[in-house]
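Put the complex together from the two separate chains, hints included.
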Amino acid sequence: MGLLNPRNLAYLASLALLVAIYLRARAKPTLEVSSLMLFDEVAAPVASSRVLRTDPMFWLELAALGALSMALAGLYIRSAEAAAHHRTRALIFDLGAAMGAREANGTRLDEARRQALEIVAAARPGDNFSVIGYALEATVYRAPTSHLADVRRTIDGLKPAALPARAAAMRAALMRARGAPEIDLFTDHAPASGLLNLAGAGTRVHLHRVGTPAVNLAIVALEPGTVGASPGRVVVRNFSDRPQICEIALDLDAQSVLSTIIMLEPRGQAVLPFGPLKHGGVVQARIVTADALDADNRRWALALNDKPDRALVMSPSPEARDDLARVLLAVNQNLIVTAVDPVKFNLATAPRYRLAVLEDAYDPGIKASARLIIYPPPWLERSPPPSWQLPVVGTVAMAEMQERTNGEQLDEPLALSPARILSLPRWMDVMAHGTGAGSGGSFPLAAFGYDARGAMGMIAFSVNDHLLLDPDKLEALVLTVDMVKRLLAPQDLQVVSTGDSVSVPAIGVARIVAPDGSVSTARADEMGRVRLRPIEAGRYEVSSARTRAVIYANYYDAGESDLSAAPPAPAPSAPGASATASSSAAAAATRVEPIAPWLVAFALAAMLLGSALLTRKAMRWRARDV
Amino acid sequence: MLEARAFEPDFLRRLDGLVLGVQRSRTVREGRRALGRVQGLGIEPESFKEYTEGDDLRFMDWNAFARLDDLMIRTFRTEREIEVTILVDASASMSVPREDDKLGFALALAASLAYVAMASNDAVRLGAFSTARGGAARLETSALHRRRETYPAFQPFVSAVRTGGATQMTEAMGRLLLERRPAGTIVLISDFLVSAAEYEQALRSLLRARHEVKVIHVLGDRESTASYPPGHYRVRDSETGEMCEVTLGAMAAETCRRRVERLAADLAAFCAANRIVYARAFGASHFDDIVMREFPRLGLVR
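For the record, the sequence lines run as chains P and H. For the record, in the first sequence the residue sitting at position 49 is 49 according to my numbering, with numbers rising by one throughout. For the record, in the second sequence the residue sitting at position 216 is 216 according to my numbering, with numbers rising by one throughout.
Simulated from the structure, these hints should not be mistaken for lab results. Bear in mind the structure is a predicted one, so any value in this text is a computation, not a measurement. Heads up, some of the hints might be wrong.
A few chain H residues that don't get close to chain P, going by computed Cβ distances all over 12 angstroms [to be verified]: (1) Phe-11; (2) Val-19; (3) Gly-21; (4) Ala-66; (5) Arg-67; (6) Leu-71; (7) Ser-120; (8) Ser-142; (9) Leu-144; (10) Arg-147; (11) Arg-181; (12) Arg-210; (13) Arg-275; (14) Gly-283; (15) Asp-289; (16) Arg-302.
Selected chain H positions facing chain P (Cβ under 8 angstroms, derived; list incomplete) [what the hints assert, rightly or not]: (17) Ser-93; (18) Tyr-233; (19) Asp-237.
Glycine is no exception: its CB is placed at the ideal position from the N, C-alpha and C atoms.
Isolated chain H (complex conformation) (with noise of 0.2 angstroms):
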């Protein structure tokens, strides 16, 4: 399987120099949230504002107060902790086609950028969503870890994550919200082969929770490819069990390529209308270039 990849040393050595490009610092404005507000705790001044009754004494710019007689608080930037959570996409449309090994492929690069991003000692967890016996969703995360030395202990969960179910992502990702986590990043790697309503109402549902979101697009060699063989098939849908007949061929091939790539293109120009970083990920046989050299160009990592 190929999530193993993701844990070999040789691998990891050639990950050590690269961080998860996040928007790490953030400022702290003042909201709907009165109460309990969190004055930036950086050390990198922002600005300055005047005193209002109720903020903490502590940030007082007491030298402007000597020479201007004003009482001026001091804001900061804060530096803040950045949670990361990579979901990977566990349903039935991920273990086929067989021999793409795709939910393998999604694992290796949910795994890889998680080792990437404990290279600031971020927290970084893991979760996968499928669709429970029930026909309800499920979401399944990991511990956080915050070290690099604690990076193997993703391996069991990685190794016990398993396909089922149909893709339920909207109702995933209001299982993740209800868990109320500070705001962080998530990667989110799916095929996405859903409505194109079902995606955008689950990343317009991250995004409102002011998490910074980046998404992987994963497909399988053969399926991008539609390199079956020629033939009269009956094709049956993984997740869904409908059936259709089809002649594959050479013009038959040409349309699922295109199909292919109109899907992609309608979900990479939603990714950039909103602000969400949108990696493309087709064919577990590119692994080692897509997280080395795919990854970087597009910012996903640095």
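Pulled out of the complex, with its shape left as it was, chain P reads as follows (with noise of 0.2 angstroms):
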């Protein structure tokens, strides 16, 4: 037996206020008389002294007030479960990227995983055990068996991605395991309030918080610059509450840039600033003082070459070009931009473009390297459309945008101009989601993908009235200029982030090396891509028949990054949930049962017994003394 939630046990005072109640209504007041004469023949009462004489009506508010209070402190009972009784746990793991931190036994992982395995090695005959695991997402990597050296080995095979492990992920691990009556979290982050609630109520939820404050470097962000004309910048920071030294390199294309060592502050950062390149190619900077979690130590980017290319922009609006011209010369200064509007276009004059940027215009069959399709206009003409124009379903006034790549919410929706709504082709990925009057749901806001002609993407929102340059509405613009750097990039190296989604082209069967030097196959698809989602940070390499592409998956994530934090004390946040393997290993063999429900119904008998009580004393009253 014990409470839930013992703070509510506060609700007892009502109790010493029931009976402040009843002693003053039984107080006898004094009554004062001109004589005493008159009251000579009146009999002395009764029962003058008992203070706690029987009164049904006390007793039965006393024992209602006295069960709610009970049970809004979570009264329970424990049982033993049945011997014949199967257990099943659910065994939830952390596979972020802090976990891969390096401890003095291992890595964060290494520790979760020896208390699943004691967990695992206490488990009686019949027990089952499901492994779940979330960064990005969850993972069901084994569904509730009784197999324990299967389980085993799944324990031992699960590996930390470079990847944060994000509050819906654990959301959606917790409702994976829910039908589990106990579960199992291994963790090193502590979850948020409430969440384990999630777990809903009859789950036990043991949080077991893993890992030791350790000291942690990490590479921020790396800008190239511009290659012969501006400097770029490496931005390292300090996550530990001491000064650190640390030791920065800089590599483009495996020849070095720069090499020093730089202090800290604590918790501070810093701007490392070199170049400009000499020519374009991959930059790769790495701390290489050594730290708990080497993950975020390196990171990529690649320094586009100085050769001048030719880029497009045709609007109908001068101020849409105008706009647009501004965001590609921002990001390639190299770029030779020509703005025209549609009718005055001439398509057989045309060079090849590396990259046309077509906003509220239909595209006429541009050559071009990548294409960058803004707000489509819907096919209006008789003839049957090129097989490049994107099937426009709808247009809505006014749209918002509502969560970015990743599946990242906003903090707040984005209002955007009107925005079209389109039926997209499989090849192309949605890059943001948005929300329009009557559009009766979601709909992409932005995609990128190749097709046969090369790179595409779309952006689906119009950009009129200078909604680029406009600062409430920052995220378009970063949108659209990652958008144009994904569309400048070569296809067959690119500079992703761990988690984003990747399209490289392929033929037939292709092998994918991935950092840690695995090899996998996959097939391509019959646009000629292979898609593949980096979950560690470092060198993919994916090679087919005749092609050769070659991908660099940065990770940094501020939170996760932190591993400074040192556990606080366990704090159990749903219904009997402990907190400690050791723990919960004591209370294996009981159930927890809440008698809630049965309290309240006692009090409501008391209540209304109470009633009936006080209706046949009212109506007693009226035949006697009223």
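Structure representation (structure tokens):
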């Protein structure tokens, strides 16, 4: 027997109030009379000094209030589970990057693994275990099984990803484990308040906090600058509460550009300029100093060559043309931008462009390595549309951007100008979702993909009225810049963030070599692309019959990289949750049964009985005294 | 306060037709007082008697002497001025129960009777007796007023009466008699919540001084009907401070009512035996009825 919310025992103070009310009601008032002669013959009271004489109403109210207070305090009883009943436990592992942080005896995941294996070792025959991991999303690695050897193998096979452990993923993992009466959650981060309640009533969540404070340095950003023009910079951050020495090395295509040692102040960051670079290529920054987490010690960036490229901006709006040209030049100063009205564009004399940006205009068949379609008009011609024309389903007068890539919700929805609702081909990946009045749900606001003609981006909202230069709508500009960067990036050499969906050209079966050297294969789709989602920081190589592509995956997350936070005192928030493996092991043979419903039912019955007594008393008074 | 009712013009107009029921004519008898005897000075002949030495020659019936040759003295009924004293019990018991306003009720009755008494241009005064701080009886009386025009002069006295202390009726009457006023009419208004011996001794002392005594027994609505809310109480005597515990209910109320009736009956029996007019005035809510109907019925006023 115990209490789930002992603080609610404060409601028992109402009992003292009830007693005080009754004592006061029972106290004899003093009646001043002209003379006691008038009361000479009145009989003395029978029970003048009994303080706690039997009063059914008082005891009924006392019982009702007590029962309600205990219900609020969450009184529960522990009962031994039937011996024949096999338990099911879900083992949920945080597989975020921080779980790969090194400690004295291996990584944090190793410690979690050790604790989990102890639980499995203490299991009785017939007990079921499921193994669930989460980082960017929740994955069931092992469905509930009583084959403990499989469970052990699965636990041993878990690896941390270079991804942040998202709260939504933890929520999804808890939801997936809902069928299990007991859940063991292994993480190095304190779950958000109330998150463990998602496990559901009657489910015990044992929170196992692993990890000790550790020193970590991380490369926050790497900007290569413009080749031959502007310097680049690398930003390094110290997540320790003490000053740290940091040795930084910077390479351009395996040639050293910078190597320096700096002192980082506690929880400070430093910006190191370098360059300008003499030529384009892959820039790699790395922290040479050893720290707890490797994933955020390397970062890659692509420095575009200073070779001038042609870019076309086509829009009926001069303002939009001007804004888009500015964005293109901001991304790459070496572009030669041609801005033109669609009605004046001559396809016959047009050269081949590195990038063509079409705003509110049809694509007449422009020769370009990459195309960005913005606010495409619906096809109104009588002739059938060309194959590259994106079919427009509808238009909304005003759209709101709800989430960006990776499913991250924006803090506040971003109000945009009119937008088209498009039916996207399967080879395009959505980069942003939005909603609009009358759209009946969310629709893609931005997408990217490769077709037979090359890279293709789509932005569904209009950029008129200087939308891209509006400081209140910075997300629209960021989205556009990201899109342009992806379009200008070479197909066979990409720098992405871990967790991003990447598409590379391939023919037939492609061989994928991960940063840790593991090899896997994937079959190219009908568009000749292979898709993958890097979950490790480092270099991926995708090779097929006649193609070869290299992908550099960067990882950095401010919350995940901060390893200095000490695990606080365990504070289980789920009903009956315990905090440590040891306590959960001790409680393993018992089952918690809240008895609040029974207490409430008892209180209701007491109130009903009290009402009946009152009614009877009132009827009797009316007959005799009133 | 109810005493203000006795000074309302509408109420006083209704009293205009009433007169105090007093024995106005009284024979002047020879008594033990040999000196300073007072011959009746009225105009209504009462009797004749033989002349004796010392009789006032002004009352000699010379016609009878001429016919009978006897010296005869003519005697007359005296038409006296009656001095009316209306005494109100101002002991602590008269202020309890507070909602009954017993003192106000008694003062209103006293003032009303004073107004009625002034119809005959009799000398009227009001008095109140209570107990002073030292425990001695205290008697306060107003000045004598005769004409109704001076009736409002009673109002300051009535307003100034405050209750306090125990009922010392015998001692208060003793103080009154020490004033050695001529025998007159004394109206005593009290709740008579004292022992029978106390009020009997007080009333007898007044009778012995040849006063015509009238008694008005005042009780409040609540205490006369014992209409207390049911429950357990500690009951405190307002005069002595004594306490006892009682449980009030329907039965107890009935017992209290019976007790009140018995006290009133004892007082009425004593008054009847001693030719004292006894009037019961229970409940201030019946003030008008008591003054306009009950008092005339009992002969207190006519």
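Hint check results:
| no. | hint | verdict |
| --- | --- | --- |
| 1 | Phe-11 | holds, 27 angstroms |
| 2 | Val-19 | holds, 33 angstroms |
| 3 | Gly-21 | holds, 29 angstroms |
| 4 | Ala-66 | holds, 69 angstroms |
| 5 | Arg-67 | holds, 67 angstroms |
| 6 | Leu-71 | holds, 62 angstroms |
| 7 | Ser-120 | holds, 35 angstroms |
| 8 | Ser-142 | holds, 25 angstroms |
| 9 | Leu-144 | holds, 31 angstroms |
| 10 | Arg-147 | holds, 37 angstroms |
| 11 | Arg-181 | holds, 30 angstroms |
| 12 | Arg-210 | holds, 31 angstroms |
| 13 | Arg-275 | holds, 26 angstroms |
| 14 | Gly-283 | holds, 14 angstroms |
| 15 | Asp-289 | holds, 22 angstroms |
| 16 | Arg-302 | holds, 32 angstroms |
| 17 | Ser-93 | holds, 4 angstroms |
| 18 | Tyr-233 | holds, 4 angstroms |
| 19 | Asp-237 | holds, 5 angstroms |
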